[in-house]
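J.: Chain by chain, the residues run as shown.
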Amino acid sequence: MAATLPPQQPQSESSTSAGTSSAASAEVFKRLHPAQYLSRFLAKGYRSDGRKIRDWRDVLINVGSISTSNGSSLVRMGDTTMVCGIKAEIAEPAAQSPNEGYVVPNVDLPALCSPNFKPGPPGDEAQTISNWLNDLMVSSNTIPTSSLVVSPGKAVWALYIDVVCINYDGNAFDAAVLAVMAALRNVKLPKARYNEEKNQTICSRTEKYPLHLGRIPLSCSFGIFDSTYLLPDPTSYETPLLPTTLTIALDEHNQACLIRQEGLGGTKGKSGERVLGEGWSMTEERVRLLRGILEVSSI
Amino acid sequence: MATAFDRRRIPAPEVSIPPVYDDAELEPEAGPSTKRVDRANDEARPIFLKTGLISQANGSGYIESGGVKIACSVYGPRPKAPPYTPQGTLNLEVKFAPFASDPRRAPLRDTEPVSLSQLLTQSLTPTIQLHLLPKSSIDVCLLVLESDTPTNVLSAGLTVASAAIADAGIAMYALGTGSVVALAQSTDKQEVLLDPEQSEEGGAEGKVLLGSMPALGKITNILLEGSVDVEQAVEMIERAISASRDTHTVLAQSLIEGAQERGIGGEAE
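Keeping their order, the protein sequence lines are chains A and B.
Following my numbering, the numbering of the first sequence begins with 448 at its first residue and continues without gaps.
Following my numbering, the numbering of the second sequence begins with 19 at its first residue and continues without gaps.
Simulated from the structure, these hints should not be mistaken for lab results.
Don't take each hint at face value.
Said to hold, decoys possible - No more than 35 Å apart at the CA atoms, straight line, and that leaves these computed lysine-lysine pairs for DSBU-like:
#1 A/Lys-477 x B/Lys-153
#2 B/Lys-98 x A/Lys-565
#3 A/Lys-477 x B/Lys-68
#4 B/Lys-236 x A/Lys-565
#5 A/Lys-635 x B/Lys-68
Said to hold, decoys possible - Covered stretches of chain A (in silico footprint by chain B; criterion: 3 or more residues with CB under 8 Å from a CB of chain B, positions within the stretch not fixed):
#6 515-524
#7 530-537
#8 550-564
#9 610-618
#10 649-663
Glycine included, every Cβ here is placed at the ideal spot set by N, Cα and C.
Isolated chain A, as found in the complex (with noise of 0.2 Å):
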């Protein structure tokens, strides 16, 4: 009886203090059973950031923007914030490919965005999200390399994508992915002739066109928690919390371009496949959305 005294006390001293003290509580809370508190949430039907359990983030996206590039783009995904910008430059094809110019996608997680990275080369999620990406967009052919080519042999275009984050909330691979696609319907290249006798590429200033792009995909990401709750888009708080991880991509014909699971799938009562068809369905529904915001930003 003594025990459960004295935490009473405090309450009726005055309402205010009272209020204060128990949202201490609650983030005292949040950072030391950071598993409990997202557990408790979920019973009730809800994330931690206040969205239903099945609810993606908001999406923004914003094009061209920056004028030092051929091509690019911001990502809004809740808080998480990806710039993509594209720049062009000339190369010499390998001798093996005469016909394959150069795309360099490559993803940075500054120490600008997180506290939990430090500055300098980039860490080991920067690097992993970089060859998913690579992976992804040339697996679906998303720029056909042919279509970079100046002269065969001599010279073609080299696409540099860089996504760099600016605030990071978790979900960086689908945020990467939608801002790269954003940024490379946004580049517009210059008309090259390639001068065979001065050995060089002369571009125009005034003639620009579009790249000529195939499958387009656009990714989701989920995550499963305590082998129940199939959750989509995860933040950072909740990243940690999920042993296992799926991510979907589709093209525009929904026909998939990825799908990986790392971690033990399906949860309590349901097969592995059972919550990929769940998680399928939802990113049908999501990519066809997402398109949706992605012509409308391009206007």
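Chain A is already provided as a structure; the job is to place chain B on it using the hints.
T.: What follows is chain B alone, placed relative to chain A:
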């Protein structure tokens, strides 16, 4: 050329050059001494400054000023690894996005940010009350998303960094602001131009970058380059000082707006 293979990034072609444009298509310009037409000589371009956009950071700011766009975040004060220091430490890093300038900045080959970081640290240190933060460090990261000249980057960087530090609630002596003034040779006489554009700065006789704390009437840093008479130098510095007061107004206003958005404005200061 690229002897060290970078395993941390997607491989790029060994050599690539920025596009060379056909100069025959260029409409002839009126020589190097073009006169400023769209604004007065003592008129700066508008500044857009907003604080608190980066939710992960303790304080943050974003600035668009002329041809420069910079995002800045502040982490700290956070505990610093030993050895013990009686004062706080300011760690500042300027980073350019590869697409932020023309031509592209290839990672690893870019050495410019180091000297910019050094200069910015020097002009920012006097504005912060570091003696209040023993054993702590303040980490300031600036990411340049678009740039024209290094001088404009420094000037905008100083302004946005002090906005972000103030947004983080770190005690300062005063807000630091940057301003740039160039001395340009016009057709018949020399003109002092405030906030020069890239083309104006390129053809200028001299330029001054001034870091100052307008609220205290103190100067934290002067960087003058070129060949300039003493009287002209004084005139340029005075012009920069008066411009920094305008920047200070914008800076203070954006801090108030940022505080109000978070619901801590309106209270008596």
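J.: None of the hints should be skipped; say for each whether it holds.
T.: How the hints compare with the structure:
1. A/Lys-477 x B/Lys-153: Holds, because 27 Å separates the two Cα atoms, which is no more than 35 Å.
2. B/Lys-98 x A/Lys-565: holds, 14 Å
3. A/Lys-477 x B/Lys-68: holds, 29 Å
4. B/Lys-236 x A/Lys-565: Distance of about 34 Å is within 35 Å: holds.
5. A/Lys-635 x B/Lys-68: holds, 30 Å
6. 515-524: holds (count 3)
7. 530-537: holds (count 7)
8. 550-564: holds (count 10)
9. 610-618: It holds: at least three residues are needed, and the stretch 610-618 of chain A offers 5 whose Cβ sits within less than 8 Å of chain B.
10. 649-663: Since three or more residues must qualify, the claim that chain B covers the stretch 649-663 of chain A holds, with 5 doing so at under 8 Å.
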